[in-house]
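Start from the sequences and build out the full structure, keeping to the hints where you can.
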Amino acid sequence: SKKVIFTSDNPRFESFDSIYSDASIGNNLDNVKDIEDRKKAIIYGSKLIGDNDCLVILGKGHEETQEVNGKFIHFSDHEVVNEIYK
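For the sequence shown, the numbering used here assigns the number 1 to the initial residue and increments by one for each residue that follows.
Quick caveat, the hints were computed from the structure, so don't treat them as lab data. As the structure is a computational prediction, the values presented were derived from the model and not from experiment. One should not assume that every hint holds.
[Claimed, not checked] No more than 20 Å apart at the CA atoms, straight line, and that leaves these computed lysine to aspartate or glutamate pairs for EDC-like:
id, residue 1, residue 2
1, K47, D17
2, K71, D53
3, K60, D37
4, K33, E63
5, K39, D9
6, K3, D77
7, K47, E36
8, K60, D30
9, K60, E79
10, K47, E14
11, K71, D51
12, K47, E64
13, K39, D17
14, K86, D51
15, K3, D51
16, K86, E67
17, K2, E83
18, K40, D9
19, K33, E64
20, K60, E14
21, K60, E36
22, K71, D30
23, K2, D34
24, K39, E67
25, K40, E83
[What the hints assert, rightly or not] Taking CB as the label site, the calculated pair distances span:
id, residue 1, residue 2, range
26, D53, N82, 24 to 30 Å
27, N28, D53, 18 to 24 Å
28, Y20, K86, 29 to 35 Å
29, S18, G61, 22 to 28 Å
30, D22, E64, 24 to 30 Å
We treat Cβ as the ideally placed atom computed from N, Cα and C, and that holds for glycine.
Here you go:
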């Protein structure tokens with residue numbers, strides 16, 4: 001890919017910075033943008049694509065929640081995408 005946006009999925013009890021740090025080991029980060037807030041990351045990604053580009057959103061799929069510090073928070077990638085392109 002030309003660009004990668006690293007964002008939150010289900011951090012559970014781990015900090016975003018810790019997850020990003022672990023995932024960064026041994027990887028080239030020149031084209032990586034880290035955005036913890038998943039909705040902001042998807043919106044940011046949608047602004048990067050042109051007519052012949054695609055945005056691949058990985059991680060949550062059909063799930064409608066995110067687990068953060070033992071709490072389940074409503075979140076749907078589908079709803080965010082539909083909100084952007086309504």
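Taking the hints in turn, this is what the structure says about them:
no., hint, verdict
1, K47 x D17, "violated (24 Å)"
2, K71 x D53, "violated (35 Å)"
3, K60 x D37, "holds (13 Å)"
4, K33 x E63, "violated (23 Å)"
5, K39 x D9, "holds (11 Å)"
6, K3 x D77, "holds (19 Å)"
7, K47 x E36, "holds (17 Å)"
8, K60 x D30, "violated (25 Å)"
9, K60 x E79, "holds (12 Å)"
10, K47 x E14, "violated (29 Å)"
11, K71 x D51, "violated (38 Å)"
12, K47 x E64, "violated (23 Å)"
13, K39 x D17, "holds (17 Å)"
14, K86 x D51, "holds (17 Å)"
15, K3 x D51, "holds (16 Å)"
16, K86 x E67, "violated (27 Å)"
17, K2 x E83, "violated (25 Å)"
18, K40 x D9, "holds (13 Å)"
19, K33 x E64, "violated (24 Å)"
20, K60 x E14, "holds (17 Å)"
21, K60 x E36, "holds (14 Å)"
22, K71 x D30, "violated (33 Å)"
23, K2 x D34, "holds (15 Å)"
24, K39 x E67, "holds (15 Å)"
25, K40 x E83, "holds (12 Å)"
26, D53 x N82: 24 to 30 Å, "violated (19 Å)"
27, N28 x D53: 18 to 24 Å, "holds (21 Å)"
28, Y20 x K86: 29 to 35 Å, "holds (31 Å)"
29, S18 x G61: 22 to 28 Å, "holds (23 Å)"
30, D22 x E64: 24 to 30 Å, "holds (26 Å)"
Of the numbered hints given earlier, the model fails hints 1, 2, 4, 8, 10, 11, 12, 16, 17, 19, 22 and 26; all others are met.
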